[in-house]
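Undergrad: Chains as they are written, first to last, in our numbering: chain G, 13 to 358; chain A, 13 to 358; chain B, 13 to 358.
Some hints here could point you the wrong way.
Any copy, or any two copies together, can satisfy a pair, since identical chains are not distinguished.
[Unchecked claim] Below, a list of computed lysine to any residue pairs in the SDA-like style, where the Cα atoms sit at most 25 angstroms apart:
id, residue 1, residue 2
1, K19, K334
2, K37, E126
3, K162, N174
4, K201, M349
5, K309, Q141
6, K61, K295
7, K348, H125
8, K201, R342
9, K138, V118
10, K47, L339
11, K314, G288
12, K258, G139
13, K273, I123
14, K120, H289
15, K201, K295
16, K310, I321
Because the hints were derived from the structure by calculation, they are not lab data. Please read all numbers here as calculations on a predicted model, not as lab measurements.
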Amino acid sequence: MTITVDKIAEQLGGVVNGDGKIIIKGASRLENAEKGHITFLSNDKYLNKAKNTNASAILVSKEWQDIDFDVPTIAVDNIYASLADMLNIFGEAVQSEYHISEFASVSKSAILHENISVGAFSVVSKGSQIGEGSQLLSHIYVGENVRIGKNCLIYPGVKIYNDCLVGDNCIIHANAIIGSDGFGFAPLKNGTFKKIPQIGNVVIGDNVEIGANTVVDRATMGSTVIRDGVKLDNLIQIAHNVEIGKDTVMAAQAGIAGSTKVGANCQIGGQTAIVGHISIADKTLIQGQSGMTKSVKKEGTKWYGTPAIEYNNYLKSFAIYKNLPDLESRIRALEKMLADLKDSSQ
Amino acid sequence: MTITVDKIAEQLGGVVNGDGKIIIKGASRLENAEKGHITFLSNDKYLNKAKNTNASAILVSKEWQDIDFDVPTIAVDNIYASLADMLNIFGEAVQSEYHISEFASVSKSAILHENISVGAFSVVSKGSQIGEGSQLLSHIYVGENVRIGKNCLIYPGVKIYNDCLVGDNCIIHANAIIGSDGFGFAPLKNGTFKKIPQIGNVVIGDNVEIGANTVVDRATMGSTVIRDGVKLDNLIQIAHNVEIGKDTVMAAQAGIAGSTKVGANCQIGGQTAIVGHISIADKTLIQGQSGMTKSVKKEGTKWYGTPAIEYNNYLKSFAIYKNLPDLESRIRALEKMLADLKDSSQ
Amino acid sequence: MTITVDKIAEQLGGVVNGDGKIIIKGASRLENAEKGHITFLSNDKYLNKAKNTNASAILVSKEWQDIDFDVPTIAVDNIYASLADMLNIFGEAVQSEYHISEFASVSKSAILHENISVGAFSVVSKGSQIGEGSQLLSHIYVGENVRIGKNCLIYPGVKIYNDCLVGDNCIIHANAIIGSDGFGFAPLKNGTFKKIPQIGNVVIGDNVEIGANTVVDRATMGSTVIRDGVKLDNLIQIAHNVEIGKDTVMAAQAGIAGSTKVGANCQIGGQTAIVGHISIADKTLIQGQSGMTKSVKKEGTKWYGTPAIEYNNYLKSFAIYKNLPDLESRIRALEKMLADLKDSSQ
Numbered sequence: 013m014t015i016t017v018d019k020i021a022e023q024l025g026g027v028v029n030g031d032g033k034i035i036i037k038g039a040s041r042l043e044n045a046e047k048g049h050i051t052f053l054s055n056d057k058y059l060n061k062a063k064n065t066n067a068s069a070i071l072v073s074k075e076w077q078d079i080d081f082d083v084p085t086i087a088v089d090n091i092y093a094s095l096a097d098m099l100n101i102f103g104e105a106v107q108s109e110y111h112i113s114e115f116a117s118v119s120k121s122a123i124l125h126e127n128i129s130v131g132a133f134s135v136v137s138k139g140s141q142i143g144e145g146s147q148l149l150s151h152i153y154v155g156e157n158v159r160i161g162k163n164c165l166i167y168p169g170v171k172i173y174n175d176c177l178v179g180d181n182c183i184i185h186a187n188a189i190i191g192s193d194g195f196g197f198a199p200l201k202n203g204t205f206k207k208i209p210q211i212g213n214v215v216i217g218d219n220v221e222i223g224a225n226t227v228v229d230r231a232t233m234g235s236t237v238i239r240d241g242v243k244l245d246n247l248i249q250i251a252h253n254v255e256i257g258k259d260t261v262m263a264a265q266a267g268i269a270g271s272t273k274v275g276a277n278c279q280i281g282g283q284t285a286i287v288g289h290i291s292i293a294d295k296t297l298i299q300g301q302s303g304m305t306k307s308v309k310k311e312g313t314k315w316y317g318t319p320a321i322e323y324n325n326y327l328k329s330f331a332i333y334k335n336l337p338d339l340e341s342r343i344r345a346l347e348k349m350l351a352d353l354k355d356s357s358q
Numbered sequence: 013m014t015i016t017v018d019k020i021a022e023q024l025g026g027v028v029n030g031d032g033k034i035i036i037k038g039a040s041r042l043e044n045a046e047k048g049h050i051t052f053l054s055n056d057k058y059l060n061k062a063k064n065t066n067a068s069a070i071l072v073s074k075e076w077q078d079i080d081f082d083v084p085t086i087a088v089d090n091i092y093a094s095l096a097d098m099l100n101i102f103g104e105a106v107q108s109e110y111h112i113s114e115f116a117s118v119s120k121s122a123i124l125h126e127n128i129s130v131g132a133f134s135v136v137s138k139g140s141q142i143g144e145g146s147q148l149l150s151h152i153y154v155g156e157n158v159r160i161g162k163n164c165l166i167y168p169g170v171k172i173y174n175d176c177l178v179g180d181n182c183i184i185h186a187n188a189i190i191g192s193d194g195f196g197f198a199p200l201k202n203g204t205f206k207k208i209p210q211i212g213n214v215v216i217g218d219n220v221e222i223g224a225n226t227v228v229d230r231a232t233m234g235s236t237v238i239r240d241g242v243k244l245d246n247l248i249q250i251a252h253n254v255e256i257g258k259d260t261v262m263a264a265q266a267g268i269a270g271s272t273k274v275g276a277n278c279q280i281g282g283q284t285a286i287v288g289h290i291s292i293a294d295k296t297l298i299q300g301q302s303g304m305t306k307s308v309k310k311e312g313t314k315w316y317g318t319p320a321i322e323y324n325n326y327l328k329s330f331a332i333y334k335n336l337p338d339l340e341s342r343i344r345a346l347e348k349m350l351a352d353l354k355d356s357s358q
Numbered sequence: 013m014t015i016t017v018d019k020i021a022e023q024l025g026g027v028v029n030g031d032g033k034i035i036i037k038g039a040s041r042l043e044n045a046e047k048g049h050i051t052f053l054s055n056d057k058y059l060n061k062a063k064n065t066n067a068s069a070i071l072v073s074k075e076w077q078d079i080d081f082d083v084p085t086i087a088v089d090n091i092y093a094s095l096a097d098m099l100n101i102f103g104e105a106v107q108s109e110y111h112i113s114e115f116a117s118v119s120k121s122a123i124l125h126e127n128i129s130v131g132a133f134s135v136v137s138k139g140s141q142i143g144e145g146s147q148l149l150s151h152i153y154v155g156e157n158v159r160i161g162k163n164c165l166i167y168p169g170v171k172i173y174n175d176c177l178v179g180d181n182c183i184i185h186a187n188a189i190i191g192s193d194g195f196g197f198a199p200l201k202n203g204t205f206k207k208i209p210q211i212g213n214v215v216i217g218d219n220v221e222i223g224a225n226t227v228v229d230r231a232t233m234g235s236t237v238i239r240d241g242v243k244l245d246n247l248i249q250i251a252h253n254v255e256i257g258k259d260t261v262m263a264a265q266a267g268i269a270g271s272t273k274v275g276a277n278c279q280i281g282g283q284t285a286i287v288g289h290i291s292i293a294d295k296t297l298i299q300g301q302s303g304m305t306k307s308v309k310k311e312g313t314k315w316y317g318t319p320a321i322e323y324n325n326y327l328k329s330f331a332i333y334k335n336l337p338d339l340e341s342r343i344r345a346l347e348k349m350l351a352d353l354k355d356s357s358q
């Protein structure tokens, strides 16, 4: 596809500085942009790179609206939101034809809107519902009595166990699992474990994105809840009866243990672990690889370490940790000085 | 389904305190129980919650047998084991009809008991065997010469490579992998690596549960062994030639590197790493996110940290770590005092 | 299969010490070798075990060429490379018949070499290409315009999103994901996030091995790049726009965040995290569970801890960390001594 700079600016609500008639045929990052592409400048650290780019146009923040580059710029308020819109222009056209594959196995009792897709080798079990505009690609398992809302995009290999609910406009990436059993066992006197049946489900809100190979376990009783707007990266573990508040984002390989409640608008770093049965206030920030071992009651605090402590305190302690051998030397020196002092005073 | 409190108590071998004629139609946790539900009280921390629950009955430990709640109670010896039994009453009826899907691809040379199920789009390869009562759901791959015992439940998307063995009464959750290649390469002089063929297999005992997206690699030679009663949570990595002893439980995202032996009845926290070629004694407890770097010879010890040290020692060191800046200030103060002392004595 | 010691030595280019006529029918590790098997000795720590093995022959390093064992030995230059070759002798014969399953769904517009296999319930989408000798097992999804080179082995359940490229001689293990969306969202003023379309792809070189349930995200724009000879273990996370240099190996459950460049010949331990937007020099060694938070410019350095510091420094600091309560006692003793001194001098 090709489009003029003016036309892109119009779609983004941006302001052109330079020749808006130039024709653009793709989008690239600064370092590998080529002629005919539009690129973007999000950080003044890259200003020099932008001045030397091979791109034919640059999307910039409003603050750079009046800076002259060799190529036309489009200035916008929110660079990342506009980038999202711009990439949509060049991204693949959204599928508009709906189709149920002849290789899919769909129960007669499933309630499917007429405008949906079900890909090859996917299974839709009895009693399940799929809303308008949702697309299920290949190799998907939709268990019994599952409900999937409108305009969802479910990638190949996703497995959704019985009774789980997915809201509208959700994206679930390949091989993610929704509704597997919580990890619950009753220890018996002989050292073995008896499985505690997991009769709850998972309830996912609207506008949720779930990464590839991520697992969300069903509740023992009740529901594991992922609220509207939550974004989960790949390979994440969400245990039984966890609740995650609106618009919280979690990076890859993080995990939350059973029955913990995480608030809204939290940001949780990669490989973080949060123990079970605690609650984390809204807007909490957790640095990657941290281990949260107790509840956080105050909003907007930042944490680091295992067990996690307040972020700045962790950095201060770590700065000394790095030089512990020095610290020990200073103590040894003090010990020697004091011993000498004693000797000389005797 | 509906059932009286008396009838539940009878099935659990419990003692009713209150009106046993009350009718129950579901089970819930304390906080979201509603009228007509039975709930449970496992910890006196929740005693007040239990006194104010909306539930119509409560399963309690024997020690609370004589406490009067507003609703009838059923007192039992082992609250979690009874909870398991109780949830089974309300859980889904176990499938009793066996069926091989018309959309399954089953080798003619596979030996299948007549009472098994194979779901849509599952593959059972030549030379494999599946025992009585086992249910394979959809999208499962059973490689050549695989043996699956009796009464196993294999969830959608599980892949079992050639030659692996699974015992009786095992549950394997969605998209788990059994028998992928161990990570073994011979470094060559030119900096590249030559793959070491992985010609062993995986041997899984009876009553094992394996979580969603967990991976158990096959042995280079011989077998990777998961003994009876082991419970593995989701997203766990078990490398080639590992052995895990009976009734050991591992929480999500933990990993064990090649050729390590873990004893029986161990409890391994989430995101723990255990290095290769060591052995861990029976009944070892490992706190989440720890890194075990050497063998543990004594039974029943507890570990924490990376590299892991004895649990209480870790906590003591960490208590000081949190205040390292204070410690450093105290040293600075001492240094100053000593300098002053020296000055004044000159 | 059976083969004489002489014949094995001939194939490995090794030197026999002892009776080369002995017949071998399998390969085992020292501890569970039985009569008729060949085993191997890679480390003099196991010399005694080797002297008492039940095996009928031993593969040894050249340095042990003249040591007499009770059974014949084959001495070789590179024990692990020869072990790889030897196991290939006993491993399964490579499949030589090519076959496209009647249960596969292959687009008419896909360009397939005549010598390939596509297993049951696999999908090959329009515009994709598969090179000579490549074998796709069951339940694989190959998106549109994907290119897979020659002699690749793709295990069941692998999903490859649109537009991704895989080189020659690659092995991708079960349920791995190639090309899922990068985790990119533009924060909006109301606290919600807007998805940034991920219109790039993944480019995988030759001789790459990717472990089970590992995820490699596509680039936002441009490509996520995995260069020739890279080996990724299981359950690894590779984020959008990451580049990994030639012959780098990563152990299980490690993760690399967005836009980071890792050099060639690096060794990255299990459960390591590398933050986004940094670069790691060639031949860097990173201990398991470390957290790399800044770029490494010098080749061949070794790192440990979170945040990671130079390996030996970490060990030195940790040695003191383990005894922080002692250190604190020494400071308390000094404080007391100084206080006493002051008292006595007043």
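Undergrad: If a hint holds in the structure, say so; if it does not, say that too.
TA: Going down the list of hints, with the structure as the test:
1. K19 x K334: Classified as neither: same-chain Cα gap 54 angstroms, cross-chain 56 angstroms, threshold 25 angstroms.
2. K37 x E126: Neither: 35 angstroms inside a chain and 36 angstroms across chains, both beyond 25 angstroms.
3. K162 x N174: both (19 angstroms within a copy, 23 angstroms between copies)
4. K201 x M349: Classified as neither; 59 angstroms inside a copy, 54 angstroms across copies.
5. K309 x Q141: neither (39 angstroms within a copy, 54 angstroms between copies)
6. K61 x K295: The answer is neither: 34 angstroms in one copy and 28 angstroms across copies each exceed 25 angstroms.
7. K348 x H125: neither (83 angstroms within a copy, 79 angstroms between copies)
8. K201 x R342: Intra 53 angstroms, inter 46 angstroms, cutoff 25 angstroms: neither.
9. K138 x V118: So K138 and V118 pass the 25 angstroms test inside a copy (8 angstroms) and across (24 angstroms) alike.
10. K47 x L339: neither (57 angstroms within a copy, 59 angstroms between copies)
11. K314 x G288: both (19 angstroms within a copy, 19 angstroms between copies)
12. K258 x G139: neither (29 angstroms within a copy, 40 angstroms between copies)
13. K273 x I123: Neither: 33 angstroms inside a copy, 47 angstroms across copies.
14. K120 x H289: Answer is neither; intra-copy 41 angstroms and inter-copy 50 angstroms both fail.
15. K201 x K295: between (43 angstroms within a copy, 14 angstroms between copies)
16. K310 x I321: within (13 angstroms within a copy, 32 angstroms between copies)
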